[in-house]
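Asker: Using the sequences plus the hints, can you model the full thing?
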Amino acid sequence: DVKVTQSSRYLVKRTGEKVFLECVQDMDHENMFWYRQDPGLGLRLIYFSYDVKMKEKGDIPEGYSVSREKKERFSLILESASTNQTSMYLCASSSLAEAFFGQGTRLTVV
Amino acid sequence: QKEVEQDPGPLSVPEGAIVSLNCTYSNSAFQYFMWYRQYSRKGPELLMYTYSSGNKEDGRFTAQVDKSSKYISLFIRDSQPSDSATYLCAMTGNNNDMRFGAGTRLTVKP
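Residue numbers (this note's numbering), protein chains in the order written: chain W, 14 to 123; chain U, 494 to 603.
It is worth saying that the hints were derived from the structure and are not from the lab. It cannot be assumed that every hint is accurate.
These stretches of chain W come out as covered by chain U in the derived footprint (C-beta under 8 angstroms, 3 or more residues) [what the hints assert, rightly or not]:
| id | segment |
| --- | --- |
| 1 | 56-62 |
| 2 | 78-84 |
| 3 | 104-114 |
Derived pair list, reagent style DSS-like, types lysine-lysine, alpha-carbon separation capped at 27 angstroms [what the hints assert, rightly or not]:
| id | chain 1 | residue 1 | chain 2 | residue 2 |
| --- | --- | --- | --- | --- |
| 4 | U | 549 | U | 560 |
| 5 | W | 26 | U | 535 |
| 6 | W | 70 | W | 26 |
| 7 | U | 535 | W | 83 |
| 8 | U | 535 | W | 16 |
| 9 | W | 68 | W | 31 |
| 10 | U | 535 | U | 495 |
| 11 | W | 83 | W | 31 |
| 12 | U | 563 | U | 602 |
| 13 | W | 84 | W | 66 |
| 14 | W | 31 | U | 535 |
| 15 | U | 560 | W | 70 |
| 16 | W | 83 | W | 16 |
| 17 | U | 563 | W | 70 |
| 18 | W | 70 | W | 16 |
| 19 | W | 68 | W | 26 |
| 20 | W | 16 | W | 84 |
| 21 | W | 70 | U | 535 |
| 22 | W | 84 | U | 535 |
| 23 | W | 68 | W | 83 |
| 24 | U | 549 | W | 70 |
| 25 | W | 70 | W | 83 |
| 26 | U | 549 | U | 563 |
| 27 | U | 549 | W | 68 |
Positions of the beta carbon are idealized from the N, C-alpha and C atoms, including for glycine.
Answerer: See below:
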């Protein structure tokens with residue numbers, strides 16, 4: 014059974030904190046993605062990675078960074094959390110067209 | 494202009510109806526066209542994907558791609574209450590990114 018695992022289902026952080034969201038996949042996929050999902054806006058691509066140590070900006074990278082030191086792990090970092098980063102964060106990994114998603118992390122920044 | 498446009502609905506149909514969901518896109522580099530289904534509080538799951546133009550059928554679901562018009566569709570025949578979910582179109586091309594539409598929330602009433 015293929016799996017993408019996100020480290021937390023729910024997180025509450027304070028404004029200004031540094032936040033780490035972790036994602037691990039067990040399918041040996043090259044591509045990994047971080048999205049945020051907000052009502053009416055669908056999934057917006059923050060960053061993606063097509064190989065270890067490689068990263069590409071998506072549509073909304075401001076305020077975020079990523080790290081991919083190992084093929085199976087892709088981390089999203091909020092350098093200084095702000096209230097407008099309150100959202101559902103979804104990690105995915107893919108081989109060509111077939112992407113598998115984690116369960117999501119609902120982050121609330123207060 | 495967003496790269497992928499999808500009417501967020503909501504869409505409500507009676508059980509047994511034929512459902513038509515659509516997306517348009519602007520990036521002619523997209524080659525793979527996918528439909529994902531997302532139930533409440535879950536990550537999206539791949540329903541089906543199509544490479545380039547054409548039709549693909551899987552049970553009650555049919556995906557159509559018209560690259561000349563930059564238009565894709567998903568048809569659901571004999572819709573069931575269990576089909577009630579949010580349906581997201583997605584697309585990817587040679588540069589490995591994956592872009593999603595806003596998602597259409599579908600309710601099938603018994």
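Asker: State for each hint whether it applies.
Answerer: Verification of the hints:
Residues of the segment 56-62 of chain W with a Cβ under 8 angstroms from some Cβ of chain U number 4, which satisfies the need for three, so the listed coverage holds. Counting residues of the segment 78-84 of chain W whose CB lies closer than 8 angstroms to any CB of chain U gives 0, so the stated coverage by that chain is violated, three being the minimum. A count of 8 residues in the segment 104-114 of chain W with a Cβ less than 8 angstroms from any Cβ of chain U is obtained; the coverage claim is therefore met, three being the minimum. Between residue 549 of chain U and residue 560 of chain U, the direct Cα distance comes to roughly 14 angstroms. Compliance with the 27 angstroms bound is thereby established for this hinted pair.
Restraint check for residue 26 of chain W and residue 535 of chain U: satisfied, since their Cα atoms lie roughly 22 angstroms apart, inside the 27 angstroms limit. At most 27 angstroms may separate the alpha-carbon atoms for a hinted pair to count; residue 70 of chain W and residue 26 of chain W meet this at roughly 24 angstroms. The straight-line distance between the Cα atoms of residue 535 of chain U and residue 83 of chain W is roughly 26 angstroms, inside the 27 angstroms bound, and the hint therefore holds. For the proposed pair residue 535 of chain U and residue 16 of chain W, the alpha carbon gap of about 14 angstroms is at most 27 angstroms, so the pair holds.
Between residue 68 of chain W and residue 31 of chain W, the direct Cα distance comes to roughly 20 angstroms. Compliance with the 27 angstroms bound is thereby established for this hinted pair. With a C-alpha separation of about 25 angstroms, the suggested pairing of residue 535 of chain U with residue 495 of chain U holds against the 27 angstroms cut-off. Distance restraint check for residue 83 of chain W and residue 31 of chain W: the Cα-Cα separation of roughly 21 angstroms lies within the 27 angstroms cut-off, and the hinted pair is therefore satisfied. The hinted pair formed by residue 563 of chain U and residue 602 of chain U fails the criterion: a straight-line CA distance of about 31 angstroms is larger than 27 angstroms.
The suggested pairing of residue 84 of chain W with residue 66 of chain W holds, with an alpha-carbon distance near 9 angstroms, which does not exceed 27 angstroms. Among the hinted pairs, residue 31 of chain W with residue 535 of chain U is consistent with the structure: their alpha-carbon atoms are about 26 angstroms apart, no more than 27 angstroms. A hinted pair counts as satisfied when its Cα atoms are at most 27 angstroms apart, and residue 560 of chain U with residue 70 of chain W qualifies at roughly 26 angstroms. Proposed proximity of residue 83 of chain W and residue 16 of chain W is supported: the alpha carbons are some 16 angstroms apart, at most 27 angstroms.
Our distance criterion of 27 angstroms between C-alpha atoms is met by residue 563 of chain U and residue 70 of chain W, whose separation comes to about 24 angstroms. Note on residue 70 of chain W and residue 16 of chain W: the hinted pairing holds, with a Cα-Cα distance of about 24 angstroms set against a maximum of 27 angstroms. Under the criterion of a C-alpha separation no larger than 27 angstroms, the hint pairing residue 68 of chain W with residue 26 of chain W is consistent with the structure, at around 25 angstroms. At most 27 angstroms may separate the alpha-carbon atoms for a hinted pair to count; residue 16 of chain W and residue 84 of chain W meet this at roughly 14 angstroms.
Between residue 70 of chain W and residue 535 of chain U, the direct Cα distance comes to roughly 25 angstroms. Compliance with the 27 angstroms bound is thereby established for this hinted pair. Of the supplied pair hints, the one linking residue 84 of chain W and residue 535 of chain U holds, its CA atoms being roughly 24 angstroms apart against a limit of 27 angstroms. Simply put, residue 68 of chain W and residue 83 of chain W have alpha-carbon atoms about 12 angstroms apart, close enough for the 27 angstroms limit, and the pair holds. Distance hint between residue 549 of chain U and residue 70 of chain W is unfulfilled; the C-alpha atoms sit about 32 angstroms from each other, more than 27 angstroms.
For the suggested pair residue 70 of chain W and residue 83 of chain W, the alpha carbons sit about 19 angstroms apart, so the restraint of at most 27 angstroms is met. Straight-line distance between C-alpha atoms of residue 549 of chain U and residue 563 of chain U comes to about 17 angstroms, which keeps the hinted pair within the 27 angstroms bound. This hinted pair does not check out: residue 549 of chain U and residue 68 of chain W have alpha carbons roughly 33 angstroms apart, beyond 27 angstroms.
In summary, the numbered hints that this structure violates are 2, 12, 24, 27.
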